[in-house]
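Take a look at the letters that make up each chain.
2 protein chains.
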Amino acid sequence: MTVEFISVGTEILLGNIVNTNAAYLSEKCALLGLSCFHQSVVGDNEERMEDAIRLALSRSDIVILSGGLGPTKDDLTKEVTAKVFGRELYEDAHTKERIQEYFRRVHSNQVTANNWKQALVPEGAKVIDNHNGTAPGLILEENGKIAILLPGPPNEIKPMFERDIAPYLNRLQPEGIYSKMAKICSIGESKAETMIADLMDAQTNPTIAPYAKTGEVHLRVTAKAENEEVAERLIEPVMEELFRRFGDKIYTTEENVTLEEAIVHLLEEKKLTVTTAESCTGGLLAGRIMNVPGASGVYQEGYITYSNEAKEHLLHVKHETLKQYGAVSPQTAYEMAEGAAKAAGADAAVGVTGIAGPGGGTKEKPVGLVYVGCYVKGCVRVEEFHFTGNRDKNREYAVARALTLLREELLKYQG
Amino acid sequence: MTVEFISVGTEILLGNIVNTNAAYLSEKCALLGLSCFHQSVVGDNEERMEDAIRLALSRSDIVILSGGLGPTKDDLTKEVTAKVFGRELYEDAHTKERIQEYFRRVHSNQVTANNWKQALVPEGAKVIDNHNGTAPGLILEENGKIAILLPGPPNEIKPMFERDIAPYLNRLQPEGIYSKMAKICSIGESKAETMIADLMDAQTNPTIAPYAKTGEVHLRVTAKAENEEVAERLIEPVMEELFRRFGDKIYTTEENVTLEEAIVHLLEEKKLTVTTAESCTGGLLAGRIMNVPGASGVYQEGYITYSNEAKEHLLHVKHETLKQYGAVSPQTAYEMAEGAAKAAGADAAVGVTGIAGPGGGTKEKPVGLVYVGCYVKGCVRVEEFHFTGNRDKNREYAVARALTLLREELLKYQG
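Note that the protein sequences, when read in sequence, are chains A and B. With my numbering, the residue at position 182 of the first sequence is 182, and numbering never jumps. With my numbering, the residue at position 303 of the second sequence is 303, and numbering never jumps.
Be aware that a few hints might be false.
Heads up, the list lumps identical chains together, so a pair's fine if it works in one copy or across two of them.
[To be verified] No farther apart than 30 Å at their CA atoms in a straight line, the calculated lysine-lysine pairs in the DSSO-like style are these:
1) 158 / 213
2) 117 / 191
3) 271 / 323
4) 213 / 393
5) 73 / 191
6) 28 / 393
7) 117 / 158
8) 213 / 73
9) 28 / 213
Calculated from the structure, these hints are not laboratory results.
Bound-form chain A, shown alone (with noise of 0.2 Å):
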């Protein structure tokens, strides 16, 4: 089956937002299987949307708007797609109450007279309750056509399409869709896809995807079956393999579990504590730790110690070592980890120093050279980075090797 988006709205065409949601939709059907040949964008205009929706449906089998069911006159969204299918808008009485109770619950005020205008809907449409908005989702089928209207904020749409939307589609389909996650660390994205590449080169159902992800490679499993029992017995033993090829380079097998996540997991489950020291980094790579809800469990403080004054007062690394190998080298790195530990009386610690740019590079120390010194419990392991990216992109990735050599240190660890 083949489907195709409408993004619908101003500010999508003016270039105030960027379209995720096309992006998101386009990810999520095509791991349901579903064939995406067009997207497209359309303001708030009643006539250039009822073309943009006419067009849809002559080629494509389900068209899914998103936007525009709002409770303004601009938002026409549903009123145009009503008058497509040829269906009047009645008011729906549940739909009507939910929207009431969720004001009470969110705003704790009285609902605005245009947003009952949320409450009609069109004739014999499916309505899906919104859990986190005021506007329900709506499908639409007819002659074998359907048209899926989802509202346009991020946080009402995702959750709406998982719990949803995706079973929905994968009903109507003789063969359903599933899929399980490989995400692994510590290994380049041309090396991993050369160690599966003859289970690539051999696969029909399930089959393996990979994609790249900066310092990470998921690998991303799918079975189509009839039921989730059948595509469970066929990914299985695919996943097996990959764990026999990627040991524990695989960090998890969850979809929403990021790398620091399963770092701090792992420094729970190893009863262990963790304390960074950043220069060029300067913070970030504390922040994405501190991005896991409860991470303070196990991390409780840091250090940015930008100038060599810092890394010794703070980091107690000796004068003589930045002195003597400059304030970019293995032998910092090494003093950052170790003193980093020592100051928070944390069990595992990580430092690290580089050349982010654009300036500060000299021909010996040019810019991207980053050392990461990775400490846990009196064992110190030192790498040395070379990145080519700018600024940004080379803080970005010495966090994400920074993570990568701290997992594997504390994988190390039998405590």
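Please arrange chain B on chain A, whose structure you already have, making use of the hints.
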């Protein structure tokens, strides 16, 4: 004149990348006074691409295609557009030489055979040099319709657009569009809009358009004029009026200057240094300051103090204070700022403590409660904030508010 964008790429249809080029082009073309009513995405498929180009040319004056100019057989944008315009391709000697030169400079190796495909251009097309890649930009004009073909990688399309395409588009119109920015902090979006409501009601040329950004408001003043000099004479009195109304709440009039950059410049100007002590933001505030190249001149060290112990031993927050008022309190924020300045030997310091969520909230101290303390040369100011987002949003807003508060206090300091 109307403009329309066609983004070419299967990776967009699959949701592997977000279509940031469309947002970029939308914003830039809106600033040039072009009206955009349609955007679309197609894959690397001859038939569908031809349909998309013909449809776009039928309804818009200018069609900008991005992507699909690469060296492989999959890349079809140039071939299909040439077909629609009824033009043959020929090898452009200048482009061939430029590609050769580019390979020598960047890859220090030989051009691969398929790169010569990129030297083929449609008859009669304007060829735009690509200074950051091999594929040239191309402009085709016929019967008052224009197709502009641009490379897909953001680091190629952006400099090409700024350097060659924007001036070309400006020349097409009897009057060009020129604009200037006033970036404002310390004042909310709705208040800022109220403060300029009369100006916005009365505006014809130039116009003022507000854009909200986390914790900031950006006002863009745009004039239509036959040349830049005339435009500047139109814009100047409006900018003066904005300065009369917003005063030093305007932190920059430069398009590319960020709030953190303005603050680093302010510190340099006043010959002051700064440090940070972060609890709930855990390094993100420091990370933003350190985004600025050369920030090391004003920032030597900083602290991440999640635990009470860290606040005590690194920042010398009093045990009594933590016990009596708690870690999330104005008193603690005060002592964090003061203590951080002292510990780092810095002239200024920002302390942030709060509850980012999702856990940790109580009835008295709910999720989203954040205190920011700001110390500048002996004076401390503490502000209380209530944010209503998720963990990420609350941390992002806390950082924005902390930067704003720091700037306000720095402005007050007269040395």
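Hint check results:
1. 158 / 213: Answer is both; intra-copy 21 Å and inter-copy 22 Å each pass.
2. 117 / 191: Close across copies (28 Å), not inside one copy (55 Å); limit 30 Å.
3. 271 / 323: For residue 271 and residue 323, only the inter-copy Cα distance (27 Å) is at most 30 Å; the intra-copy one is 37 Å.
4. 213 / 393: Intra 12 Å, inter 23 Å, cutoff 30 Å: intra and inter.
5. 73 / 191: between (54 Å within a copy, 24 Å between copies)
6. 28 / 393: both (27 Å within a copy, 24 Å between copies)
7. 117 / 158: Within one copy only: 23 Å inside a chain, 42 Å across chains, cut-off 30 Å.
8. 213 / 73: between (42 Å within a copy, 25 Å between copies)
9. 28 / 213: Cα proximity of residue 28 and residue 213: in one copy and across copies (17 Å, 28 Å).
The structure meets every hint from the earlier list without exception.
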